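**Student:** If you read the protein sequences in the order shown, they are chains R and S.
At position 219 of the first sequence (counting the first as 1) the number is 218 in numbering that gives the first Met the number 0, and the numbers step up by one without a gap.
At position 30 of the second sequence (counting the first as 1) the number is 29 in numbering that gives the first Met the number 0, and the numbers step up by one without a gap.
Don't read these hints as lab results, they were simulated from the structure.
Incorrect hints may have been included.
With the C-beta cut set under 10 Å, the calculated list includes, among others, these residues of chain R facing chain S [said to hold, decoys possible]:
1. Leu-8
2. Asn-41
3. Ala-42
4. Tyr-45
5. Leu-56
6. Phe-102
7. Gln-104
8. Phe-207
9. Glu-210
10. Pro-211
11. Tyr-224
Quantities reported herein were computed from a predicted structural model and do not represent experimental measurements.
Using N, Cα and C, we set each Cβ at its ideal position, and we do this for glycine too.
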Amino acid sequence: MPASPRDILRRIRGIKSTQQITKAMEMVSAVKLTRVRNQAENARGYVDAMGRMVRILCTTAGDSEHELFREREQNTILLIVLTSDRGLCGTFNTSVINAVEAFRQEHAGKNITFMCIGRKGAEALARTGASIEEALDTPWGTAISKEVERINYNALGAFEARRYDAVYLLYSRFENVLVYKPTVVQHLPVPRLSAEEAKSLAKWAVDFLLEPNFDALANALIPQYLETQLHYALVESLASEYAARMVAMRNANDNAEEVIGELNLSYNKARQATITRDLIDIIGGVEALNG
Amino acid sequence: MKNTSFHLKLITRDRTLIDGDYAFAVIPSGAGPLGVLPGHTSLMGTLNAGLLVLRDSEKKETPVFVDRGFFMIANDAITVTARVAELAAVIDVDRATAARDRARQRLNSKDSAFDMFRARSALNRAEARLKVAQSMN
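With the rest of the complex left out, here is chain R (with noise of 0.2 Å):
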């Protein structure tokens, strides 16, 4: 039986109330994304800074290496896995849990603990059973510097004590609000250069005075560099996930409007058919008193 045109309206209503929802993510998350979008855009050119320096210095570095550059056997792994607290964000979260997938079966055999910066990393990794050493909701505002600090501090001081052979950062990185890429960043020990990055810098980078020497200026530049490197990281996950959730409302938004179009279609015709129906009783009374 057709739907009466009062069960069509009702649910065109619902439909509306759930659109005014969307509609107001929607905005809400431009709002957001336009803030950490030029965070993150300003963030890049400092930790670009940073890491030309430590490049720098690691050039410099000759024989005497310091503990923060130097490999060792990866045994044990500590990956930090960037994610949102909330859902609504269409494959945001999805995609940074296949890349924790992928990178679980590149180091398959190894020992690797998770930390979860973000609610729907956490618990989709706690269903596969993973060890998960600590899990935070994603820190926002003047709490950013801080979080980031600490749990800088923290990874740092487990790779020392070789807690962790190892740190990673997953996160996704923001082209556009179209393109966000799961990334994986060798946080620690501090990636070496490659041959030919060693060679261009070489060229001018001969000769550097370090002051006050090496391993001061190390133990001072290095830590703050992956500082800088983690909440960049962090701002550009921000980033990809306010793009992400941008982009799913205005899709929500799309089809609903979609679906009330066709709704307000079945409502008319199911009226006219209702007004159809009364017609042909009056006509069909009328006639049969003629008759």
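Given the coordinates of chain R, assemble chain S onto it according to the supplied hints.
**Tutor:** For chain S alone, coordinates are given in the frame of chain R:
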């Protein structure tokens, strides 16, 4: 021909504060103030909380307060990265004075509940800020 200027970029986490050509700079390096002229040798080092002075070819000076950072000089290009960088003109003198007094009080109190290292660096920071602000007047 010898260069008469070098390029200096001052970058913080939030923005690029300075990006321009200068003839002379004083960098508050970890080993003390360091004067830089064009053609300086390649050098990398740490920053102290203090005054970064930039002088352009017209002898106009720009004082900036910087803290927690690093600098690199190479090929007449200087990169300064700092967690804190404030143009002297925007320093909040009242706030810095209050911070200085608070830090002094903590250092003078015999109460070990305060982290003396933090108090001392807070004092250094506040004094450096005030010095930068006063250099404007």
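**Student:** Against this structure, judge whether each hint is valid.
**Tutor:** Quick rundown of the hints versus the structure:
Violation of the interface hint for Leu-8 of chain R is found here, the shortest Cβ-Cβ separation to chain S being roughly 52 Å, above the 10 Å cut-off. Nearest Cβ of chain S to the Cβ of Asn-41 of chain R: about 5 Å, under the 10 Å cut. The hint holds. Against a cut-off of 10 Å between C-beta atoms, the interface hint on Ala-42 of chain R holds, since the closest Cβ of chain S lies about 6 Å away. For Tyr-45 of chain R, the suggested interface contact is upheld, since its CB lies about 5 Å from the closest CB of chain S, less than 10 Å.
Interface hint at Leu-56 of chain R: satisfied, since its Cβ lies 7 Å from the closest Cβ of chain S, which is below the 10 Å cut-off. For Phe-102 of chain R, the shortest C-beta to C-beta distance to chain S is roughly 28 Å, which exceeds 10 Å, and the interface hint is violated. Taking 10 Å as the C-beta cut-off, the interface hint given for Gln-104 of chain R is violated, the closest approach to chain S being about 35 Å. Because the closest C-beta pair between Phe-207 of chain R and chain S is about 5 Å apart, less than 10 Å, the hint holds.
At a threshold of 10 Å, the smallest CB-CB gap from Glu-210 of chain R to chain S is about 3 Å, leaving the interface hint in force. At about 6 Å, the closest approach between the beta carbon of Pro-211 of chain R and any beta carbon in chain S falls short of 10 Å, and the interface hint on this residue holds. The criterion of a C-beta within 10 Å of any C-beta in chain S is met by Tyr-224 of chain R, whose closest approach is roughly 9 Å, and the hint holds.
In this structure, the earlier hints numbered 1, 6, 7 are contradicted, and the remaining ones agree with it.
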